[in-house]
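Trainee: If you read the sequences in order, they're chains A and B.
Residues in the first sequence are numbered consecutively from 127, following the numbering used here.
Residues in the second sequence are numbered consecutively from 737, following the numbering used here.
Think of the hints as simulated: they come from the structure by calculation, not from any bench.
Bear in mind the structure is a predicted one, so any value in this text is a computation, not a measurement.
Don't take every hint at face value.
[Stated by the list, open to error] Sample of chain B residues facing chain A (criterion: CB under 10 angstroms; computed from the structure):
#1 F897
#2 E1126
#3 P1169
#4 W1275
[Said to hold, decoys possible] Sample of chain B residues facing chain A (criterion: CB under 8 angstroms; computed from the structure):
#5 A858
#6 M938
#7 H1176
Glycine included, every Cβ here is placed at the ideal spot set by N, Cα and C.
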Amino acid sequence: MSRARADEEEYWHSSKFRAFTFDDEDDELSQLKESKRAVNSLRDIVDDDDDDDLERVSWSGEPVGSISWSIKETASSSTSSLEGRDSSLQKGSSSYAAFPKQVSSYSLSSLFKGRNKLPSFQSLSDALSDTGVKNYTPELRRPKAEYKDYSSDWSPKDTVRRMQRGKVCSLERFRSLQDKLVLLDEAVAGHDGNVITAVLIFLKRTLRREILFRELEVRQVALCHLIHFLKESGEQKFLLDLLRFLDRTEEVALSQYREHLSIQDVEKRREFLKGCIGLPFSAEDTSHIQDHYTLLERQIIIEANDRHLETAGQSEIFRKYPRKASILNMPLVTTLFYSCFYHYTEAEGTFSSPTNLKKTFKIPDKQYVLTALAARAKLRAWDDVDALFTTKNWLGYTKKKAPIGFHRVVEILQRNNAPVQVLQEYVRLVEDVETRLNLATKYKCHDVVIETYRDLKDRIQLTAYKCKVERGSAEEDKINSILNNMQIRWKN
Amino acid sequence: MAFAGRRDVPEPPDFGILKRLARDQLIYLLEQLPGKKDLFIEADLMSPLDRIANVSILKQHEVDKLYKVESRPVISASDQFCFLVRPRIKTMRYIADIVNADKMSGRSRKYKIIFSPQKFYACEMVLEEEGVFGDVTCDEWSFYLLPLDEDIISMELPEFFRDYFLEGDHRWINSVARALQLLNSLYGPFGKAYGIGRCAKMSYELWRDLEEESEADGQGRKPEIGNVFLMDRVALVADTDYVTALCSQVVYEGLVDDTFRIKCGSVDFGPDVTSSDKSIKVLLNAQDKVFSQIRNEHFSSVFGFLSQKSRNLQAQYDRRRGMDIKQMKNFVSQELKGLKQEHRLLSLHIGACESIMKKKTKQDFQEMIKAEHSLLEGFDIRESTSFIEEHIDRQVSPIESLRLMCLLSITENGLIPKDYRSLKTQYLQSYGPEHLLTFHNLKRIGLLTEQSAGETLTAVESKVSKLVTDRAAGKITDAFNSLARKSNFRAISKKLGLIPRVDGEYDLKMPRDMAYVFSGAYVPLSCKIIEQVLERRGWLGLEEVVRLLNGNEFSTAPWRTTPPGIPSASSLPSSWGAAPSQKLPLFGFWGRREGASSSS
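In isolation and in its complexed conformation, chain A is listed as follows (with noise of 0.2 angstroms):
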């Protein structure tokens, strides 16, 4: 006996030594490991001619594919023994020690343990239609043409774990609607949203719309993937469907509503949504909507007034202020700087007018009075800044008024350098005696500073104030006739 022989005869023996345990897990594994490795790259020198009687011998020891066989298999899972689940595997562990090349792709471990292994596995249609050993075994009956394929002959957790890690796998083989649920529950087990996404679109392939659907109304994270997925590929008919199968009608009106973004000639996109008013939005939605019709209706007719104004070159705020835009699709707000620009003057009967704007739209006051405010000082048109915050009473007396405050107003107008007569007059509305000596001294309007102190009685003050006004001036003057004003009753 040579040297080599001895060597592989002790070889042999030492691993008898190591059989084939069930308490040890990490060996158990690893063991299970190496021979399916070794078991896959066998198959690609064993002809399968070789293996027939190998392979296709069921656990029972009849040879798989005949009728026999087939026909038992099907009355064993309808009626599910539990017993003859247990013992058929003992049967197949010890074989399996024998003939390593019987050990499926479903590795060994998912044989044992598959519940424990497959958290997600337990939805109710899974619990209606499993029947148990079906399952977990059901290579072992596939017909012999199959097992050519055996590069894509991995489990699905198998699947999953190398595509997890770039690898091209086959999904063909997953045929039965159980396969594909399983396949698909291990990709959401493992994490990989990659993965999830190539199982759903294999799955939508392959399976009938409404089966899919039910499936995924029950596994929510690969909804989610799906319906990204959707969105993503701009399958609206099909997400639609699926929104509508799930009954999340706000989303279907939404999602048909996102369509208009990408219209791009104006007529169409205002026909377009005006077949989203009846959509099925919330009520508040809906009048959004609506206003988003109405709005872009109006933009079309002021868009097509006013380039023919400004071409004709007669109006003269054209001329002056040529347009730096269109106002085709902009926000309300935009539209009513627009129109209080362009068209202030113009009466409530046409669509430009901005108390037309501010009917239709019911544009609060304070938003109003902001918008008209700034498009009005931009044109420098004291006498309508004026006029927007002039009040008349009953009697005819006028007063000052605003929804927003004074302070406001006055950086509103400051920002278009208004002069400082205007500027005193707001002023001096600011109610903050604070904020009102602030906005005085930082836009030097004298008179109000000077007003102020004299009524905070505050003769230190007026009296620091009197270098900052020119000297000679009337303000000076007025700072010193305050002061030698015998019946005000300083307080310093």
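Knowing the structure of chain A, use the given hints to seat chain B on it.
Mentor: Here is chain B on its own, set in the frame of chain A:
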């Protein structure tokens, strides 16, 4: 991702390796298509690409012309096209159109798509559908991590947030797992890993799974990264710290980001900053000696620093008067260059400060900060609400308006329905009706919600639950809980003391806690949690907080390679996507303090 470590803590590992690795791989991939080729680059890959390669490197590897991926017809005579893209379906269609157009006109070219950081099956499916599968070759550029600074690395995946938190798509979890794998293989096994949030947990699990196969590799190496901290970016509502992202930034770096947008650690300063007629691209990192000293400072102390600096500089220059020839020669050869450099940097940052001031005064920055602080403290809600309203009415800024509304919603646990409706209406009127969709998305993600929607939700929930088995029902309840997403802001901030009680003025120059980044108004939750967990070496004692954050916490010592007692080399907190820059200084602050305590 951000790596924390400064002054007192050990040197961070050499993150430059990541750059070299990415560059080498890119070159390898380009060489796979030998000969002259045109390179098409996706817009949002440009900034990251800039950080690791430049045009001359590309030219060296026979890249002829560079194009941006955009929907415009391509006119090129090149025989080979290479596309450097993100794995997006839209981009695949764009490429397929080019290929198909070439086919129609009988042109033959070679096409290669390089996906960064990985390719998706859905992309290949589109290529197959469009009939160009096989005409193009696909490769992956595993560019998972970009070092932004000596101590900050980022995944630069802005889509992550939307995909995961809005759409519920787990597609980037694999990328996170692979990034962890990369770090693990380059810098040795992590000492200890902590995490909170569903997304963090899934990433961790997937990473462990990927790691199983290559377990042997890292054994026995000295860990360069002590603690890894995984955290879902949304820790307040659902899982992340939204508040931190929603508050105005008042630290210099944050304000620079606000005003000029820092992209991949560099910024474009426009003509108004450079006081010339062109803009300059400036790299903002620890190399910039001026920037590195002011980046984490509260804006109010930056001016003082800059003027002090300029005076010093002036003095340095002035020394030259009264020098003799020899001294002068010395000065010119040794100091002048450094001074000039400093001068350049100083003038840039002073210019930047001016721009920031100009922009902020226009936006009523003071009033805005005041409103934010009231929201955080829960006072004067009405006043803040009308401030937001006016902000919207005046069309100040669509983003800022939304930001304030979200902050209101989170701190107040949703807007009262009347306010919600009126603010929404005014927003749509000011910024455009299509923002209806924006509002819907924000509601879904839990950022901007209406109060007392609870009842209707429960009804739907029970309806759905009837359809499924118990176990699935539990999951659905989870899902609904995250839908309802009660913001536990008040409870959490009370529990962790996130809103410092301050007697008198908060001294911004000598900050006593991390709240200084928000002028003392708020301690960022994510940083507080990291601090707490590291102090306790686990989640023990934080059960209540964990519950308020929806759980999913974990902590493990995967390889037990760091014996207890030896201070871990450094820690690596991570949050997904591009890190918001206001968070960065915090890790620094925290690193400094941590370092000090562990060395004592």
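Trainee: Does each hint hold? Answer for all of them.
Mentor: Now for the hints, and whether the structure bears them out:
Annotation: F897/B was flagged as interfacial toward chain A, and the flag is violated, the nearest CB pair being 14 angstroms apart, outside 10 angstroms. With its C-beta approaching chain A no nearer than about 7 angstroms, E1126/B sits inside the 10 angstroms limit, and its interface hint holds. Evaluation of the P1169/B hint against chain A yields a held restraint, the C-beta minimum of about 4 angstroms falling below 10 angstroms. With a cut of 10 angstroms, the hint placing W1275/B at the interface with chain A is violated, because the nearest CB-to-CB distance is about 21 angstroms.
With 8 angstroms as the threshold, the beta carbon of A858/B comes within range of chain A, its nearest partner Cβ sitting at about 5 angstroms, so the hint holds. Taking 8 angstroms as the C-beta cut-off, the interface hint given for M938/B holds, the closest approach to chain A being about 4 angstroms. Hint status for H1176/B: holds, given a least beta-carbon distance of 6 angstroms to chain A, under 8 angstroms.
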